[in-house]
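Q: As a plain string of letters, each chain reads:
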Amino acid sequence: MVAFILRRLIQSLFVMFFVALVSFSMFRFVGDPVNQMVGIETSIAEREALRERLGLNDPFMVQFGRYIGKAATGEFGISYQHKRPVAEMLVERMPATLELALVSAVFSLLLGVPMGVYAGLNRDGFISKVLLSVSLVGISLPTFLIGILLIFFFSVQLNLLPSFGRGGLIDIGLWKTGLLTIDGWKSLIMPSITLGLFQLTLIMRLVRSEMLEVLRTDYIKFARARGLTNRAVHFGHALKNTLVPVITITGLQLGSIIAFAIITETVFQWPGMGQMFLQAVTTVDIPIMAAYLMLIAFFFVVINLIVDLLYYVVDPRLRVDTGKASGHG
Amino acid sequence: MADTNMTSGSGFMDGMRRFFDGDIWYSFTRSPVTMVAAAITFLYFFMAAFGPLVAPHDPFDLASITLLDASLPPAWMEYGDPRFLLGTDIQGRDVLSAIIYGSRVSLLIGFASVILSLILGVGLGLISGFVGGAIDAFIMRVAEIQLSFPSILIALLINGVLRGVIELQNQADLAYAVLILSIGLSNWVQYARTVRGSTMVERNKEYVQAAHVIGIRPVLIMWRHILPNVLGPVLVIATIQLALAIIAEATLSFLGVGLPPTEPSLGTLIRVGNDYLFSGEWWITIFPGAALAILVLAVNLLGDWLRDALNPKLR
Amino acid sequence: MRKTLLAAAAAAAVLGAFGASSADAKTFKWAFQGDAQSLDPYSLSETFTLSLQGNIYEGLIRMDPDLQIEPSLAESWEIVEPTRWRFKLRQGVKFHNGNDFNADDVLFSAERVRKDGSDLKGRLAGVVDVLKVDDYTVDFVTEVPVPTLVNEWGTWYIMDKEWSEANGAEDPTDVTAGKENFSTRNANGTGPFMIQSRETDVKTVLVPYEGWWDAANKEHNLTEVIFTPIGSDSTRVAALLSGEIDMMYPVPVQDMNRLENDPNTEVLGGPELRTIFLGMDQERDELLHSSVKGKNPFKDVRVREAFYRAIDVELIQKKVMRGLSTPSALMISPLLFKYSDEFKRLEPDAKLAKELLAEAGYPDGFEITLDCPNNRYVNDEAICQAVVAMLARIGVKVNLLAQPKAQYFAKILAPKRDTSFYLLGWTPSSFDSWNVMFNIIGTPDLESGRGKFNNGGYSNARFDELTDLVLSETDQDKRNEYIREAYQILHDERGYIPLHQQALAWGKRSNISLVQRADNQFMLNYVKVD
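Residue numbers (the numbering used here), protein chains in the order written: chain F, 418 to 746; chain D, 181 to 495; chain C, 3 to 532.
It is worth saying that the hints were derived from the structure and are not from the lab. None of these values were measured; they are calculated from a predicted model. All the pointers check out, no bait thrown in.
Heads up, simulated BS3-like pairs for lysine-lysine below, C-alpha to C-alpha not over 30 Å straight-line: (1) K28/C x K530/C; (2) K31/C x K603/F; (3) K399/C x K346/C; (4) K117/C x K487/F; (5) K205/C x K593/F; (6) K31/C x K530/C; (7) K346/C x K356/C; (8) K123/C x K134/C; (9) K603/F x K28/C; (10) K407/C x K181/C; (11) K487/F x K181/C; (12) K356/C x K399/C; (13) K28/C x K205/C; (14) K96/C x K31/C; (15) K353/C x K301/C; (16) K530/C x K96/C; (17) K96/C x K117/C; (18) K353/C x K295/C; (19) K407/C x K320/C; (20) K117/C x K181/C; (21) K205/C x K530/C; (22) K117/C x K134/C; (23) K181/C x K593/F; (24) K593/F x K31/C; (25) K418/C x K407/C; (26) K593/F x K28/C; (27) K603/F x K205/C.
Take the sequences, apply the hints, and build the full model.
A: Spelled out as structure tokens, the structure:
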């Protein structure tokens with residue numbers, strides 16, 4: 418157990434380092450931050466001096482080493498554009514992204530699971546086929562297009578929902594939440610649908626195929642043979658068994674949702690981390706870009722670690738054969 | 181050597197034959213949705229292959245485009261022009277032709293990147309599953325790291341690096357290659373994991389052991405005996421990946437790191453037209469958007485059907 | 003029961019959000035496509051940042067709605083010697099925190115604006131000394147006579163010495179120090195509005211300053227101002243249409259009609275001072291990005307004229323800019339140069355252009371790369387695409403390299419100047435021709451900074467001579483003559499291809515009245531909500 422956790426931890430550190438290296442090498446190519454930091458009339462000599470002071474002229478490995486050294490002590494520098502500590506800015510933006518991600522995950526679970534169960538139980542039913550096909554339409558439309566169409570209909574044409582931002586926020590300590598006002602919830606509807614649609618389809622299809630698999634197992638056959646009602650078999654036995662992989666996948670997908678929020682946040686002007694990241698890309702705000710990618714990597718590493726540990730606890734087979742069988746599926 | 185080639189060829193054909201055996205064909209003919217999806221996909225392939233012959237205009241021939249024709253609505257609407265069935269964009273480009281050329285670009289990039297990730301993934305999966313040991317461990321660790329990130333973020337990163345490495349002025353020419361590489365390299369993991377799993381199962385079967393004993397080289401064993409058996413699931417993944425690759429390309433182009441507007445894919449067309457959606461010139465966005473959605477939907481439906489048809493348990 | 007409770011809670015929450023919506027409270031919500039970078043008035047010389055700060059801080063002078071200089075924190079000034087300007091400061095002015103404004107604050111601000119980390123050092127260019135005569139009199143001593151000394155001072159804001167020192171904000175924000183400066187998110191000016199709260203890139207709330215010295219000229223009737231940056235064009239338009247915001251800019255040109263046709267919204271349009279133009283590399287002996295090897299076709303005036311005549315700016319105005327631009331024959335807005343009417347653009351003529359190319363030895367045209375930003379100017383990428391198509395008609399194959407401004411500027415500006423043909427826009431911040439002549443058209447020279455943005459390296463000795471004459475000439479008529487001669491030289495040599503001045507486009511709800519200034523600064527003092 419200890420060895421397993423240790424190995425995982427070392428691996429996680431390696432992942433973080435790898436992400437930092439790749440993203441850092443990328444930044445050198447996204448443009449010149451200095452040109453974005455000064456007004457157009459600043460002289461070339463002044464620009465050069467600023468570049469020098471920022472250490473942008475140092476060799477790549479020196480810059481990278483310096484960054485890793487500081488990041489290890491929790492210091493991510495200050496934003497070139499906003500002149501504020503990056504860590505603080507990320508913390509400020511995090512509630513927006515996390516609330517959006519959570520609500521859309523819940524939304525896709527609440528709709529996806531029943532739809533999947535239904536489609537699994539009535540495999541050849543007409544409604545199941547419609548559900549399957551319609552859900553495919555959902556993932557066949559790119560996220561950005563869904564968001565824009567939603568705004569077009571519900572904000573501009575019908576004037577029902579706000580087209581941008583988080584609405585009324587209530588400050589609860591460090592966390593500014595939109596979940597306590599009607600206004601905040603209204604603002605959440607369209608972004609979370611946009612973001613959750615893909616996951617919804619995924620979950621529905623996963624539940625369906627898991628149900629189909631489980632329903633074929635001897636375990637279910639025996640349950641039926643014992644004379645249990647359909648209801649008991651379906652929900653007591655089959656569904657319960659399908660939920661483990663569903664929850665695992667949803668957990669893993671939470672990371673994806675957070676990362677995918679970049680696009681949704683941009684369309685809805687949602688003041689989250691993704692929007693900040695994309696803005697940082699256009700202005701070559703390296704400290705923000707680096708910190709964001711590291712944070713996302715951190716989320717993934719933590720989520721994966723938790724999932725792995727859970728598997729380890731739940732599935733005894735893994736304890737013998739961790740090396741050979743793939744960690745998770 | 182000639183003999184080997186032939187047998188390996190027939191090994192592959194065996195796989196294909198098994199793949200298209202009676203059952204699958206039967207299931208195809210019984211599913212009208214699948215047949216429609218196949219027809220639509222075929223139509224897109226046809227348009228892609230013969231685009232220049234089919235399209236009413238050549239959107240790449242800048243000398244024939246004039247701003248005078250800009251922003252015309254579809255032909256059936258007021259102010260529409262019969263020359264432009266689906267209207268024109270703000271540069272005066274025929275939207276229908278742009279869609280035909282754009283689908284061609286989207287499909288090309290989709291296919292090329294799927295083939296790239298397929299070769300890479302299947303190759304690495306075979307090696308990983310067959311050789312095992314440290315190599316296997318290494319490949320699978322890399323795969324896991326990559327799997328823990330959404331592919332679009334990885335594609336963005338690869339894209340950024342490639343764009344930097346390649347000289348700026350060549351970017352326009354190399355935009356295709358950059359896109360194919362970034363999408364292809366971000367999607368190989370699924371193949372590798374599937375193939376590795378099947379390979380590990382097959383490897384321990386008696387026929388492979390026997391082949392091993394009579395001294396057939398490992399590469400040949402992999403090629404002739406293992407590959408045909410993993411082809412089915414790989415094909416299913418490839419079909420679904422094609423849909424995902426097309427969407428990935430559209431998303432990258434939408435974020436502005438894809439193809440330039442002078443050589444638009446469907447994603448670029450949507451990005452450019454998006455600015456005009458609210459201003460009433462909906463046709464510049466909606467038609468390419470619909471074209472993209474229909475294409476992806478059709479491919480997805482095919483992939484779906486293929487997966488169910490190939491899964492003996494579900495029959 | 004639970005339901006009613008919930009409803010009550012919701013009502014309370016809604017009231018909380020819009021608590022101020024009682025009878026006479028006027029909340030004004032507006033949006034721009036980005037946020038001000040900082041509240042530190044010396045951190046970035048950029049129109050929007052300075053514009054937002056301009057509601058909180060004030061300078062010694064200010065610009066009235068017609069861009070005429072008028073007294074602000076300085077009541078009056080005179081040139082006591084050619085190199086010495088004397089400013090009488092206004093008495094009784096208080097900063098938002100109650101501190102008095104006096105000469106020490108001016109001296110402090112003059113020092114701070116010239117420190118490292120300040121992006122507005124140029125505001126005091128040529129000033130060698132700032133002297134306190136008494137508490138309300140300050141002298142500025144320049145090295146040589148600078149007739150345009152105060153032209154850009156409308157955006158040189160005066161900070162409070164005591165406040166800055168007490169909060170560790172004596173120096174401008176320095177990113178390299180790795181620490182946040184207090185003035186980045188806090189402000190203490192003398193202006194009509196105060197910062198109530200600020201979340202970078204999310205929301206900034208301003209409230210009127212009751213103690214504003216110029217209450218007599220208070221034009222607004224606001225009690226609260228909420229500013230939200232909205233980057234996406236379509237979202238910004240949607241928010242205005244749905245009434246979520248009262249005002250926003252810029253309006254994307256394609257959405258003009260939509261806003262005008264909606265009874266609740268209006269578009270305010272006006273000429274902007276920025277000129278958009280195409281530049282050509284006339285300096286290198288071989289172009290970096292062209293099929294022509296061994297020589298530079300742009301060195302031949304016939305080729306430059308062929309390019310000029312191939313481009314139909316009126317068509318671009320009509321189709322790409324939807325009328326929201328003014329085709330220009332000059333590199334400066336007609337609002338800023340008296341004799342603009344005398345200059346006419348060359349008539350577009352594809353046939354003549356083709357002949358000129360043939361004469362110059364390129365009967366089949368050639369290939370060249372056009373560098374273009376895609377998120378800097380109004381419809382920049384679309385303009386470039388149109389140019390590409392127009393040049394294709396005379397046989398020139400143009401490869402378009404459109405990039406986000408971050409990469410674009412890094413590539414085409416000095417020191418790299420890695421371009422053969424590019425699109426750029428320029429607003430003379432001093433509202434004067436000299437700025438354009440010196441920065442954009444003058445022969446590039448690292449030492450003096452001349453031609454800093456002349457990326458194509460156009461060079462004419464007489465032009466440079468005239469530029470220097472314009473700088474020191476105080477007689478307006480003579481000055482204008484020099485400028486006229488200079489522009490004529492440039493026009494005859496087809497040194498640049500000016501395209502147009504893009505138009506300002508602000509969108510607002512019909513119940514809002516405001517003043518639009520041609521320099522695109524938005525002054526909250528003129529906003530009325532009915």
